[in-house]
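**Q** For reference, the chains in residue letters:
Protein chains: 2
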Amino acid sequence: MEPLKIGLLGWGTVGCGVIKILAENRELIKNRLGVDIVLKRVADIDLERERPVEVGRDVLTTNVDDVLENPEIDIVVELIGGIEPAMSFIKKALEHGKHVVTANKALLAQHGNELFEFARRKERIIAYEASVAGGIPFIKSLREGLAANRITTVFGILNGTANFILTRMKESGLSFHEALKEAQDRGYAEADPTLDIEGIDTAHKLAITSAIAFNTPIAFDKIYVEGISALDPLDIQFGGEFGYSLKLLAIGRATEEGLELRVHPTFIPSDHVLAGVRGAYNAVHIHGDAVGHVMLYGLGAGMMPTGSAVVADIMDLARDILNGVHVRLPYLGSYELKQLPVKPMEKVITTYYFRFSAVDQPGVLSKISGILGKNNISIAAVIQKGRRVGGAVPIVMLTHEALEESVQKALDEIDKLDVVKAKTQIIRIENLSTDRK
Amino acid sequence: MEPLKIGLLGWGTVGCGVIKILAENRELIKNRLGVDIVLKRVADIDLERERPVEVGRDVLTTNVDDVLENPEIDIVVELIGGIEPAMSFIKKALEHGKHVVTANKALLAQHGNELFEFARRKERIIAYEASVAGGIPFIKSLREGLAANRITTVFGILNGTANFILTRMKESGLSFHEALKEAQDRGYAEADPTLDIEGIDTAHKLAITSAIAFNTPIAFDKIYVEGISALDPLDIQFGGEFGYSLKLLAIGRATEEGLELRVHPTFIPSDHVLAGVRGAYNAVHIHGDAVGHVMLYGLGAGMMPTGSAVVADIMDLARDILNGVHVRLPYLGSYELKQLPVKPMEKVITTYYFRFSAVDQPGVLSKISGILGKNNISIAAVIQKGRRVGGAVPIVMLTHEALEESVQKALDEIDKLDVVKAKTQIIRIENLSTDRK
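Residue numbers (this note's numbering), protein chains in the order written: chain A, 1191 to 1627; chain B, 1191 to 1627.
Think of the hints as simulated: they come from the structure by calculation, not from any bench. On a predicted model such as this, the values are computed, not experimentally measured, just so you know. Each statement offered as a hint is correct.
Pairwise CB distance ranges (calculated):
1. 1427/A <-> 1427/B: 21 to 31 Å
2. 1445/B <-> 1447/A: 53 to 63 Å
3. 1590/B <-> 1590/A: 44 to 54 Å
Derived pair list, reagent style EDC-like, types lysine to aspartate or glutamate, alpha-carbon separation capped at 20 Å:
4. 1220/B <-> 1479/A
5. 1195/B <-> 1313/B
6. 1282/A <-> 1307/A
7. 1528/B <-> 1226/A
8. 1575/A <-> 1605/A
9. 1220/B <-> 1526/A
10. 1210/B <-> 1479/A
11. 1360/A <-> 1461/B
12. 1281/A <-> 1262/A
13. 1210/A <-> 1479/B
14. 1360/B <-> 1461/A
15. 1564/B <-> 1602/B
16. 1220/A <-> 1479/B
17. 1575/A <-> 1431/A
18. 1528/A <-> 1226/B
19. 1220/A <-> 1526/B
20. 1528/B <-> 1214/A
21. 1613/A <-> 1603/A
22. 1528/B <-> 1217/A
23. 1528/A <-> 1214/B
24. 1412/A <-> 1536/A
25. 1575/A <-> 1550/A
26. 1230/B <-> 1244/B
27. 1528/A <-> 1217/B
Quick reminder that beta carbons are idealized off the backbone N, C-alpha and C, glycines included.
Using the sequences and the accompanying hints, generate a full structural model.
**A** The following block contains the structure:
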């Protein structure tokens, strides 16, 4: 049978992974597919930089149209990242009748609805397994493997950089900045780590995930996002004493009042499987009405894990091409997507961890708890950490379920008290207590 | 579009799950598939027994041919279990041009090679997601999502009953028989629990899994199998003190000298993600050359989780039928399966936990360690638990890597010593130390 021909846009880290896998596992892939896959062209603006894998001179090009307009190429793999020119290149590839594989979560989170509609009209596929959770076959599991389920919740640890930093802060008591520095030294964090540490990358992935899970268009702009850069190892330690572990969690939840879509540092029970996800690992924990709780775990980034997902997509597309199938699955898993309301953050009800920096003198706790009570926030536990008469000490408090709006109002008032010496630290808790079967 | 028509063989627990999911999530499934799925006939020898879900009288039949020979039915779902008559029914369904979905791991483990060859000649699919790890989309992940990888190891907790029993023994110090009784009372274990507790069900699933992972025909008969019925909670406790957790582990490993395929109680490091798999949950931990370590976790049995996997298979098949595709994937993931040698258990090299019951008197340890040394077994740690001068006390020992053959030889000799009062307990250790990124 005629080999299938691939064109690659972007000879970067993931591109090198794809090239390496296609070369090293060529026979194995051919045996699983029934046909050979040939890397026809690789386009990049810089062909001189040192890379970990070699590509023949006749394959390399600086002219993107050598890929996009190449009549021999069946599948275009976009690994440039960012919005433009990636979006224009993808559209052009689709216009030229090519199927597309992409790992570009920022692009899909922000322009996925438009791109999928564009591809649908062209009767071409955009495959994007590598855009969420790297090497973990998560998109396939959600869109196909769990397709019989009404999904009720999605909890994700979707950024390995952030999880590495939190793991180091917890296990070695490092400050956020020390842990970030270590992540950068090890190559887990970029020079500008904003997307990773401020939760934006996690939100990109939650946007894609929740659209599939809840049969709704991608709604990146509606996600509440809070990063990890303001965290103190002290809170990780205090939370640990209450049996909680801190994770940068992506939360998607279908409720009667609309979807909850949020990304923020979250305490989860330390004996929950998600709490055991250490270092640069990712995991997604899903609840479906039939299957119950499912978790998928693995490396969410890196040359080879992401390459594994890209090549899996290529192989999936190859099967469709060989069978003359145009679009086997609806892009986001359902043919009719229903616009669902997203619950504004103020309306979210959850439980909270507070750390007040309050003067150690009689009557302080009464003032704080008075304000909380007035705002319908009921206290589940409170501990003063240490004594320092007349000076500020941490007072750690856990609440019962409370409304975010009320919490923000109460903390505004509390932080204005004379006896409160610094802004109160607030960390939301998810009491995942579900896998006890 | 014409609805797709399903015929069900076996109105049991999983059958009820499938019926319930198809009814309750009908609209959602139609939206994901683009076509309606209709349950046309349900065949069972007993239609009178009380069930948790209702089926219309016109759908029910005691005549299996109302399903197998029904020209309207596209997909036959076999949920009878066991070898015969399930195998004959599946063949007849294939002969009548139907695709087949089955959850029957015993049948596939023992006759899968023959059945897949039969189906291949008929150009029909046998889908079997539900046969391994229940609701977890594991077969799909392995056969498609990780298809770009050369798989090097598979570690599975594949039997919820056994894992529930071990969890209760660990967390509450129950004896094996007490924990089994509790599992039976809760409906997790059958009246005759042999398949679950003796590791046979786990071996069935390992047989299927390892064939896909290593591109080789199913080789159930070559698997070394040891169950959990001879375990003592004492060893779970002692292992815990060394930082190990005990699991009934399915192990598949590709080595230069052939495949290791074994099922036995295994100590794994307590901080490994697999150690956190509690109760009736299942998990599979895979290493692929590109993706690195991946774990999938969820419920491996039960009406609804297994139903979820069966309906996912039905949906997959429906897409193929709609697209006119006959067999989208090779049955075991590769077109050419290569017969690989399976390493005999005697040739396996691993590390060991021993508990000797030895008389507490001078010179005993020297005798034991002398025999071990003579057999090239080197000791990593040894602790005598308690003192009872002149009586028998447990001596717990961990070894460095040793050859199984030598270990059996040494223990035979040791158990014959006058100073050794009971058969030595031996538990193999897998020092999974891999997810530390």
